[in-house]
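The hints should help you fit chain B onto chain A, whose structure is shown.
Protein chains: 2
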Amino acid sequence: MNEFIELIQNHRSIRHFEDRPLTDEQIRAIVESAQSAATSSFVQAYTIIGVKDKAKKKKLAQLSGNEYVENNGHLLIFCADLHRHELIAEMENVDIYPALETTESFMVAIIDAALAAQNAALAAESLGLGICYIGGLRNNLEEVSKILHIPSLVVPVFAMTIGYPLNQSSKKPRLPFEHIYHEDEYQSDSSLLKKQLEDYNKIIQQYYKERTNGKRDDTWTSQMAAKFKVPTRTYMKDFVTKQGFNKK
Amino acid sequence: MNEFIELIQNHRSIRHFEDRPLTDEQIRAIVESAQSAATSSFVQAYTIIGVKDKAKKKKLAQLSGNEYVENNGHLLIFCADLHRHELIAEMENVDIYPALETTESFMVAIIDAALAAQNAALAAESLGLGICYIGGLRNNLEEVSKILHIPSLVVPVFAMTIGYPLNQSSKKPRLPFEHIYHEDEYQSDSSLLKKQLEDYNKIIQQYYKERTNGKRDDTWTSQMAAKFKVPTRTYMKDFVTKQGFNKK
Numbered sequence: 004m005n006e007f008i009e010l011i012q013n014h015r016s017i018r019h020f021e022d023r024p025l026t027d028e029q030i031r032a033i034v035e036s037a038q039s040a041a042t043s044s045f046v047q048a049y050t051i052i053g054v055k056d057k058a059k060k061k062k063l064a065q066l067s068g069n070e071y072v073e074n075n076g077h078l079l080i081f082c083a084d085l086h087r088h089e090l091i092a093e094m095e096n097v098d099i100y101p102a103l104e105t106t107e108s109f110m111v112a113i114i115d116a117a118l119a120a121q122n123a124a125l126a127a128e129s130l131g132l133g134i135c136y137i138g139g140l141r142n143n144l145e146e147v148s149k150i151l152h153i154p155s156l157v158v159p160v161f162a163m164t165i166g167y168p169l170n171q172s173s174k175k176p177r178l179p180f181e182h183i184y185h186e187d188e189y190q191s192d193s194s195l196l197k198k199q200l201e202d203y204n205k206i207i208q209q210y211y212k213e214r215t216n217g218k219r220d221d222t223w224t225s226q227m228a229a230k231f232k233v234p235t236r237t238y239m240k241d242f243v244t245k246q247g248f249n250k251k
Numbered sequence: 004m005n006e007f008i009e010l011i012q013n014h015r016s017i018r019h020f021e022d023r024p025l026t027d028e029q030i031r032a033i034v035e036s037a038q039s040a041a042t043s044s045f046v047q048a049y050t051i052i053g054v055k056d057k058a059k060k061k062k063l064a065q066l067s068g069n070e071y072v073e074n075n076g077h078l079l080i081f082c083a084d085l086h087r088h089e090l091i092a093e094m095e096n097v098d099i100y101p102a103l104e105t106t107e108s109f110m111v112a113i114i115d116a117a118l119a120a121q122n123a124a125l126a127a128e129s130l131g132l133g134i135c136y137i138g139g140l141r142n143n144l145e146e147v148s149k150i151l152h153i154p155s156l157v158v159p160v161f162a163m164t165i166g167y168p169l170n171q172s173s174k175k176p177r178l179p180f181e182h183i184y185h186e187d188e189y190q191s192d193s194s195l196l197k198k199q200l201e202d203y204n205k206i207i208q209q210y211y212k213e214r215t216n217g218k219r220d221d222t223w224t225s226q227m228a229a230k231f232k233v234p235t236r237t238y239m240k241d242f243v244t245k246q247g248f249n250k251k
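Those protein sequences? They're chains A and B, same order as listed. Under the numbering used here, the residues of the first sequence are numbered 4 to 251, in order. Under the numbering used here, the residues of the second sequence are numbered 4 to 251, in order.
Excised from the complex, chain A in its bound form (with noise of 0.2 Å):
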């Protein structure tokens, strides 16, 4: 173990930050190290949109029904983006949109974004500061998207606030290894996971007990199940075609 895997194994999600704005230099930082991210075929399909402006930071929050979107230190949207590609038709006289509606590209244009964030959470943290994902962003993309004027073949994927903490949050425990890790093919005895499930709702319990002075004991197994009871965000499919994505 080296104190980088030691930083990467250390991540916790930070929600609360000094009212304390990055610099740009900081910031440049944190975007330059998610560029340095690995991108398929060389791709580069993503776009970071920093906000400042605390009036659309405002609305951003409340859409995301996030008040940590508000307040923090910086805040990036990151997109999966294939926007500039179809500028590139454009300038190399091609017709590439075929290739742009595949859900192939689409897969790529959020991996791309996703391996960039990674990057920028690991360089922000190593600077001291804390990150959260803000999945809550998908809430309502159209609204978001009419805000940050996205264009087509543009989709915010995910926020990620970014400060100075003002406390820290304890790590929480992950599914075993063994569960996530599988040798040689995938893991089929389904009573050996469900087993290993068992097992890790008993740490997470312990968790919430511990965490909560006892208020608190579900276990990860119900959570999950009350999670996905409803289906969410269902209008994602319609929002993806409409800007150009995953269409065949």
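To be clear, the hints were calculated from the coordinates, so they are not data collected in a lab. One thing to keep in mind: the hints can contain errors.
[What the hints assert, rightly or not] Straight line, CA to CA, 16 Å or less: simulated EDC-like cross-link-like pairs of lysine to aspartate or glutamate:
#1 K198/B <-> E93/A
#2 K232/B <-> E95/A
#3 K57/A <-> E70/A
#4 K240/B <-> D241/A
#5 K61/B <-> D187/A
#6 K251/B <-> E104/B
#7 K230/A <-> E104/B
#8 K149/B <-> D56/B
#9 K57/B <-> E188/A
Leaving out everything else, chain B in the frame of chain A:
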């Protein structure tokens, strides 16, 4: 700039490795780093398959069109995975298929897998190892899935080769900072974006000229136009739908 950011920004793909397998301790450090990444609503929607079996690696290399998949210190397959949530549905006796099948859930699983992968990449690099993402794994996911016994609601999204670098490669210049990073809203001035792409083309031409003693001088936009001229992996929409993802 600190040494973490230097490591992040020093990334380059490594394609040739010593014939020297990673230790189980190294693999564990890398996978546990992957597991420490943020995960959407704590869903942990990914699985990592580590392939040691030589015959399987050879077959995966053929399918990916990529010899590096066979010759490396270790091979990881990152999968978007909501299969364990199918098991949870059984354990908790709830119907969660309608939620698992949404495009939103598909995006969540891809993002989770990618965030975990980038942590794995950096953990490996911090150990002096090199890595390369292999999108070529998606050339033929039907066959890949047979070899790896992939169940429903799992999609292998890419592979990662890891190992002791045989040689260093040079770092490819990325798109200009100003082209990737927009402030407060998406940069809607297409002529400015195109101008930035033209400037970047000169940088990329120079990069290839220097690397190939003048033999190669293609631009980035011509590369991208060539790449997207013909749609690839057009089976993807059917495949992911068959796996139970991205249905509505």
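Hints, one by one, checked against the model:
1. K198/B <-> E93/A: Holds, because 13 Å separates the two Cα atoms, which is no more than 16 Å.
2. K232/B <-> E95/A: holds (11 Å)
3. K57/A <-> E70/A: Given that 16 Å is the threshold and the Cα spacing comes to 13 Å, the pair holds.
4. K240/B <-> D241/A: Given pair K240/B, D241/A holds - Cα atoms ~15 Å apart, limit 16 Å.
5. K61/B <-> D187/A: Answer holds: K61/B to D187/A is near 12 Å, not above 16 Å.
6. K251/B <-> E104/B: Given pair K251/B, E104/B holds - Cα atoms ~7 Å apart, limit 16 Å.
7. K230/A <-> E104/B: Distance of about 14 Å is within 16 Å: holds.
8. K149/B <-> D56/B: Measuring from Cα to Cα gives roughly 15 Å; hence the hint holds.
9. K57/B <-> E188/A: Roughly 13 Å between the alpha carbons, so the hint for K57/B and E188/A holds.
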